[in-house]
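Asks: Could you build the full structure based on these sequences and the hints that come with them?
Listed below are the residues making up each chain.
Number of protein chains: 2
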Amino acid sequence: MWRVTEADLEAIAIGAGILGTGGGGNPYVGKLRARQAIREFGSVDILSPEDLPDDARIVCVGIIGAPTVGNEKIPDYQSYYALRALEAFVGETATAMLPNEIGGTNSVESFVPASIARIPVVDADGMGRAFPEFQMKTFFTYGVPCAPMALADEKGNTTIISEAVDARWVERMARALTIQMGSAACYAVGPMTADQVRRTAVPHTLTLARDLGRAVQQARNVHADTTEAILNSCGGKVLFQGKISDVERRTTGGFSKGTVLIEGTRADQGHKMTIEFQNENLIAWMDGNPVCIVPDLICIVDETGEPITTELLRYGFRVTVLGFPAPKLWTTTQGLAVVGPNAFGYNLEYSPLKG
Amino acid sequence: MWRVTEADLEAIAIGAGILGTGGGGNPYVGKLRARQAIREFGSVDILSPEDLPDDARIVCVGIIGAPTVGNEKIPDYQSYYALRALEAFVGETATAMLPNEIGGTNSVESFVPASIARIPVVDADGMGRAFPEFQMKTFFTYGVPCAPMALADEKGNTTIISEAVDARWVERMARALTIQMGSAACYAVGPMTADQVRRTAVPHTLTLARDLGRAVQQARNVHADTTEAILNSCGGKVLFQGKISDVERRTTGGFSKGTVLIEGTRADQGHKMTIEFQNENLIAWMDGNPVCIVPDLICIVDETGEPITTELLRYGFRVTVLGFPAPKLWTTTQGLAVVGPNAFGYNLEYSPLKG
Numbered sequence: 001m002w003r004v005t006e007a008d009l010e011a012i013a014i015g016a017g018i019l020g021t022g023g024g025g026n027p028y029v030g031k032l033r034a035r036q037a038i039r040e041f042g043s044v045d046i047l048s049p050e051d052l053p054d055d056a057r058i059v060c061v062g063i064i065g066a067p068t069v070g071n072e073k074i075p076d077y078q079s080y081y082a083l084r085a086l087e088a089f090v091g092e093t094a095t096a097m098l099p100n101e102i103g104g105t106n107s108v109e110s111f112v113p114a115s116i117a118r119i120p121v122v123d124a125d126g127m128g129r130a131f132p133e134f135q136m137k138t139f140f141t142y143g144v145p146c147a148p149m150a151l152a153d154e155k156g157n158t159t160i161i162s163e164a165v166d167a168r169w170v171e172r173m174a175r176a177l178t179i180q181m182g183s184a185a186c187y188a189v190g191p192m193t194a195d196q197v198r199r200t201a202v203p204h205t206l207t208l209a210r211d212l213g214r215a216v217q218q219a220r221n222v223h224a225d226t227t228e229a230i231l232n233s234c235g236g237k238v239l240f241q242g243k244i245s246d247v248e249r250r251t252t253g254g255f256s257k258g259t260v261l262i263e264g265t266r267a268d269q270g271h272k273m274t275i276e277f278q279n280e281n282l283i284a285w286m287d288g289n290p291v292c293i294v295p296d297l298i299c300i301v302d303e304t305g306e307p308i309t310t311e312l313l314r315y316g317f318r319v320t321v322l323g324f325p326a327p328k329l330w331t332t333t334q335g336l337a338v339v340g341p342n343a344f345g346y347n348l349e350y351s352p353l354k355g
Numbered sequence: 001m002w003r004v005t006e007a008d009l010e011a012i013a014i015g016a017g018i019l020g021t022g023g024g025g026n027p028y029v030g031k032l033r034a035r036q037a038i039r040e041f042g043s044v045d046i047l048s049p050e051d052l053p054d055d056a057r058i059v060c061v062g063i064i065g066a067p068t069v070g071n072e073k074i075p076d077y078q079s080y081y082a083l084r085a086l087e088a089f090v091g092e093t094a095t096a097m098l099p100n101e102i103g104g105t106n107s108v109e110s111f112v113p114a115s116i117a118r119i120p121v122v123d124a125d126g127m128g129r130a131f132p133e134f135q136m137k138t139f140f141t142y143g144v145p146c147a148p149m150a151l152a153d154e155k156g157n158t159t160i161i162s163e164a165v166d167a168r169w170v171e172r173m174a175r176a177l178t179i180q181m182g183s184a185a186c187y188a189v190g191p192m193t194a195d196q197v198r199r200t201a202v203p204h205t206l207t208l209a210r211d212l213g214r215a216v217q218q219a220r221n222v223h224a225d226t227t228e229a230i231l232n233s234c235g236g237k238v239l240f241q242g243k244i245s246d247v248e249r250r251t252t253g254g255f256s257k258g259t260v261l262i263e264g265t266r267a268d269q270g271h272k273m274t275i276e277f278q279n280e281n282l283i284a285w286m287d288g289n290p291v292c293i294v295p296d297l298i299c300i301v302d303e304t305g306e307p308i309t310t311e312l313l314r315y316g317f318r319v320t321v322l323g324f325p326a327p328k329l330w331t332t333t334q335g336l337a338v339v340g341p342n343a344f345g346y347n348l349e350y351s352p353l354k355g
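Chain order of the listed sequences is E and Y.
The working numbering puts the first residue of the first sequence at 1, with every later residue one more than the last.
The working numbering puts the first residue of the second sequence at 1, with every later residue one more than the last.
It should be emphasised that the hints constitute simulated quantities derived from the structure, not laboratory data.
Remember, it's a predicted structure, so these values are computed and weren't measured experimentally.
Be careful, since some hints might not be right.
Stated by the list, open to error - One-sided excerpt, in silico: chain E residues whose CB lies under 10 Å from chain Y:
| no. | residue |
| --- | --- |
| 1 | 160 |
| 2 | 176 |
| 3 | 180 |
Said to hold, decoys possible - Partner residues are not named here, just some residues of chain Y that face chain E (Cβ under 7 Å, in silico):
| no. | residue |
| --- | --- |
| 4 | 168 |
| 5 | 169 |
| 6 | 177 |
| 7 | 180 |
| 8 | 182 |
A virtual CB, placed ideally from N, CA and C, is assigned to each residue, including glycine.
Replies: Structure below.
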C-alpha cells in the first residue's frame with residue numbers, strides 16, 4: 001500500500017500519459033483534478049489487489065467521451081455522483097475504487113470519488129493501457145457483468161443502464177447518452193468482488209505508471225536520454241523518430257478520430273510513419289507496412305519524454321514513437337476479439353510487436 | 001369503471017386514431033397487441049380518476065420512437081419490462097397504469113402491462129391527444145416529477161433515467177437511447193399519486209375514444225355520414241376535403257417527420273392544404289394560411305371515418321381533414337410553452353380553432 005502524494009501525481013501524469021497510448025484524456029487535466037480533490041478531501045491509499053479484503057466491493061469509474069471535449073469541459077465531481085447513483089441502485093456501498101484504464105486523466109479519475117468517499121483505490125485497471133470504448137475492459141472480457149452502470153453529467157442528469165445484452169450494448173447506449181450530455185460524462189460500474197478484480201484486472205499499473213514517470217523525471221534531472229529511461233523502465237522499442245507533417249482529426253460520434261503523418265528524421269530520414277487513432281493510437285504504419293498493431297501500445301513522446309495525447313498532436317512537433325507489447329490478457333483469442341484490429345474495423349491480423 | 005371487451009378495443013382503435021391526430025403509432029397494431037394480452041392474461045378494468053384510492057401508485061407507460069419503425073418492429077412485452085424496472089428502482093409496486101397519450105397504439109399500450117400485472121388502467125392520459133415528445137405531457141407541465149423513467153427494448157436492454165434537469169432532458173436522453181435501441185422502445189415513468197393524476201391528467205379520454213369509435217361504427221352500420229358522427233360525438237369542424245397529391249416523409253432523429261399536400265375536391269375544389277407533421281399533425285395551412293395550429297387537433301380520415309396516421313398517408317387517398325379544439329390544460333400560458341407552435345420551432349402565434 002502507498003499513499004498518493006502530489007509528487008506521485010506528477011509522476012503518474014507522465015507514466016499514464018505514456019501507457020495511455022495517446023488517449024485516456026489529457027494527463028495534465030487529470031493531475032490538477034486529482035490534486036484538487038486530495039487537497040480538499042484528503043489523500044488516497046493505493047491498495048494492491050492481493051491486499052483487498054475478500055468481502056471488498058469495488059467500483060470502477062471513468063470518464064467517457066471525446067478527449068478534445070474533455071479538455072475544455074472539465075468534469076467536476078460527477079464520477080462521485082455516478083458512484084453514488086450506482087450505490088443507491090444496488091443498495092451497497094463501495095469499499096474501494098478501481099481505475100477503468102491506465103491512461104491520461106482516467107488513470108487518476110478514481111482518486112476524486114475515492115478521496116471524497118474516503119476509501120482506497122486498487123492498484124490495477126481494466127485495460128493496462130487506454131482504449132476508446134467501454135466494452136474494451138479485461139473485466140468484461142473475462143466474465144464480470146457489464147451492468148449496472150451509472151452515467152452522470154455536470155448538469156444534473158444521471159442515468160443507469162440496469163440491464164444490457166452485452167458490454168458493446170452498454171458502450172452503444174452510454175455513448176449516445178454521452179453525446180447528448182455534451183460528449184464528456186463520468187460513469188461507475190460494478191461493484192466487483194476482490195476475486196473478480198484479482199482474476200480479471202491488469203495488476204499494479206498505478207505503481208507501474210508512477211515508477212515510469214519517476215524514471216522520466218530522473219532522466220530529465222540529469223539531462224539523460226528520456227527515451228532510454230522509458231524503455232529501461234517498461235520494455236518496448238523505438239518505432240520511429242521524426243517531425244509531424246500533418247494531422248487530420250475530427251470529433252465524431254463521441255470520439256476524437258484521425259490520422260497523424262510523421263516525416264522521418266535522423267535514422268528514419270526518408271521514411272514516413274502514419275498513425276491512425278480513435279481517442280487512442282491504434283495502428284502505426286511505416287512506409288505503408290503495419291509495424292505496431294492494437295492492442296500493442298503506440299506512444300508518441302517529445303524529446304523530454306513528455307507523452308503527447310492525440311488531441312494535442314500538432315504540425316511541426318519533433319517526436320519519438322514508441323511501441324510496447326500489450327498486457328497478456330489482451331493477446332488471447334478472447335482478448336483480441338474485443339480489442340484486436342478487427343474490433344476497430346481493420347481487416348488486419350494482429351502480430352505481436354517485434355523485439 | 002368498465003371492463004375492456006374486444007369490441008371496446010375495436011372502438012378505441014378508431015376513436016384514439018382520430019384523437020391521435022395522425023400519431024401515437026398505428027392503432028391497428030395497438031389493438032392486436034392489447035387483444036393478445038387480454039386473451040392471454042385476462043381483461044383490464046378502466047377506472048375513473050375520481051375512483052382511485054388515495055394511496056394509489058400510478059405508473060404511466062408508453063411507446064417512444066418513430067411510428068414508421070413501430071409498424072415493423074412491433075413491441076412484445078417491453079412496456080411491462082419497463083414497469084418492472086421502474087418498480088425495482090423505486091422499491092414500490094404500481095397499483096394502476098395510465099396511458100401516456102390518447103393516440104393510436106399508445107392509447108392501449110398500458111393495457112398490456114396492466115393485464116400481465118392484473119391492475120386497472122386509469123381513464124385518463126397525459127395529452128388528451130398525441131404528441132411526439134416525452135416532455136409534452138400535462139403531468140410534467142403541472143409539476144409532476146419527470147424522473148425516474150425506465151426505458152426497455154425487445155433485446156434485453158433496460159435503462160433508468162434516475163435524475164434529469166427537466167422533462168426536455170429526459171426526452172433528449174431517452175430519444176438518443178431509443179435510436180440506439182432501433183427507433184422504437186417502451187418507457188415507464190412515475191409512480192404518481194391519485195391526487196397528481198386527478199390534478200394534472202386529461203380525464204375520461206379512454207371513454208371518450210371508445211364512444212367516438214362507437215359513433216363511427218354505428219354510422220358505418222347504417223351507411224350514415226361518419227364525419228357527421230365524429231363531429232356530433234366530440235365537436236370540432238371540417239377543415240378540408242380533397243385528394244392527397246404528395247407526401248414527403250423521412251424517419252429522422254427518432255421521429256417520422258414530413259409534409260402532406262392535399263388538393264381540394266367538392267367545396268374545396270381549387271384550394272390546397274398542406275399539413276406538416278412530426279409523428280403527429282402539427283399545422284394545417286390552407287392556401288398558405290394556418291387554419292389549425294398545434295395544440296389544436298388535426299385529424300385526417302377517409303370516407304369511412306377511418307383515421308389515417310401520418311406513416312400511412314399515401315398519394316391518391318381521398319381524405320377529410322378535421323380540426324378539434326385542444327384540451328384546456330394545453331391552452332394556458334404554461335401549456336402553450338410546452339406544446340404550442342413555438343415548441344416545435346414555428347415562428348407562429350397559437351390562435352384557437354375558429355368554430
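Asks: With 10 Å as the cut and Cβ atoms as the points, is residue 176 of chain E at the interface with chain Y?
Replies: The hint holds - residue 176 of chain E has a Cβ within 10 Å of chain Y, the shortest such distance being about 4 Å.
Asks: Would you settle whether the hint for residue 168 of chain Y is holds or violated, based on the nearest Cβ-Cβ distance to chain E being less than 7 Å?
Replies: violated, 11 Å
Asks: Against chain E, run the beta carbon of residue 177 of chain Y and see if the smallest gap drops under 7 Å.
Replies: Hint holds; residue 177 of chain Y Cβ to chain E Cβ min 6 Å, cut 7 Å.
Asks: Does the nearest C-beta of chain E fall within a distance shorter than 7 Å of the C-beta of residue 182 of chain Y?
Replies: violated, 11 Å
Asks: Report holds or violated for the interface hint on residue 180 of chain E, using the least CB-CB distance to chain Y and a cut-off of 10 Å.
Replies: This interface hint holds because 5 Å falls under the 10 Å limit.
Asks: With chain E as the partner, please determine if residue 169 of chain Y meets the hint condition of a C-beta pair closer than 7 Å.
Replies: holds, 6 Å
Asks: Quick check on the hint: residue 160 of chain E CB to chain Y CB, less than 10 Å?
Replies: holds, 4 Å
Asks: Does residue 180 of chain Y pass the interface hint, meaning its C-beta sits closer than 7 Å to a C-beta of chain E?
Replies: holds, 5 Å
Going down the numbered hints, you'll see the structure goes against 4, 8, while the others check out.
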